[in-house]
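Colleague: The numbering used here puts the sequence shown at residues 1 to 296.
Among the hints, a few may not be true.
Stated by the list, open to error - Derived pair list, reagent style EDC-like, types lysine to aspartate or glutamate, alpha-carbon separation capped at 20 Å:
hint, residue 1, residue 2
1, K74, D4
2, K69, D2
3, K69, E79
4, K24, D127
5, K74, D128
6, K293, E41
7, K24, E137
8, K146, D127
9, K260, E273
10, K69, E112
11, K260, D201
12, K293, D265
13, K146, D128
14, K69, E14
15, K24, D4
16, K178, D258
17, K66, E40
18, K66, D2
19, K74, D2
20, K74, E62
21, K69, E90
22, K69, D4
23, K69, D201
24, K5, E90
25, K146, E112
These are calculated hints, taken from the structure and not from any lab test.
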Amino acid sequence: MDWDKLRIFHAVAEAGSFTHAGEKLNLSQSAVSRQISTLEESLGVPLFHRHARGLILTEQGELLQKTAKDIFTKLAMIEGQILDTKQLPEGPLRITTTEFIGSTWLAPRLEELQIAYPGIQLTLLMDDRVLNLGMREADAAIRLYKPEQPDLIQRQLATINFHIYGSRDYLQKFGHPKNIKDLHNHKLIGYPDGGPSPFADPNWLFRIAGIHTDDNSNLLMMNSLYAIHRAVEAGAGLAMLPDYLAQDNENIEIILPDVKPAGVDMYFVYPEERRNSQRIAIFRDFLVGLVQKTAF
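All chains, please: the whole structure from these sequences, using the hints.
Modeller: Structure representation (structure tokens):
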């Protein structure tokens, strides 16, 4: 079986269309389609059902995709292990983390790592979805929950504490809530239902206020904690924010300081197979140093 055609087939099966696979492979849609047709002819079976809205794997296609996925996952892992044997800490390093940790805490502090280790080509993937480290969607992750997978090495970095915050302008205009019941009469900002969230119970504020997200016009929904922070700063309402993000902002202040959710634990995790990676070890130590400088 032609390896290049198998690679293209795997990309198409993952993307669900010739067009999206072509964008990923830097090939035209017609070139991808030709390669798949040639592969199907050589095997003597159809691999995809063609539909106007995309592609669906046939039974034979599902069988081939399962094997192809295993093959390319193992190849990617071996590639990472080979790079890990280099004496110098250089090469690509893909770190996945939630959007708000990446944008508000990590990204502004990466210059220190770049200066110390210019040979590390860092990619920061900020996504509230959980990327699969075993499938090499990333080399390591910063996660806001304790991983259960036995094949992941984990290190707890810190516990992030939260409070309810509002801007001085908002509070001057609408008044300070005196108790939890008063929250029901205020504009509250939080996460939309149904989408990926950065940590467990991101809408704790709605819950304690006794507000349902589907029937209240006083709610403002955003799927970005950084955006929520900026909205609070601009006076759009009250929200639950991490203390480290709000503590240096003189325009916002804590509301009901004795009312707060449980802290969220932050972990650095990576696959057991990457135990000897110098790049991962360097990044882990870099994170530990950052945590020590941050008042969570």
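Colleague: Now look at each hint and say whether the structure bears it out.
Modeller: Status of each hint after checking the structure:
no.	hint	in the structure
1	K74 / D4	16 Å, holds
2	K69 / D2	15 Å, holds
3	K69 / E79	15 Å, holds
4	K24 / D127	19 Å, holds
5	K74 / D128	25 Å, violated
6	K293 / E41	60 Å, violated
7	K24 / E137	14 Å, holds
8	K146 / D127	17 Å, holds
9	K260 / E273	39 Å, violated
10	K69 / E112	37 Å, violated
11	K260 / D201	12 Å, holds
12	K293 / D265	17 Å, holds
13	K146 / D128	15 Å, holds
14	K69 / E14	9 Å, holds
15	K24 / D4	14 Å, holds
16	K178 / D258	11 Å, holds
17	K66 / E40	16 Å, holds
18	K66 / D2	17 Å, holds
19	K74 / D2	18 Å, holds
20	K74 / E62	18 Å, holds
21	K69 / E90	27 Å, violated
22	K69 / D4	14 Å, holds
23	K69 / D201	33 Å, violated
24	K5 / E90	31 Å, violated
25	K146 / E112	28 Å, violated
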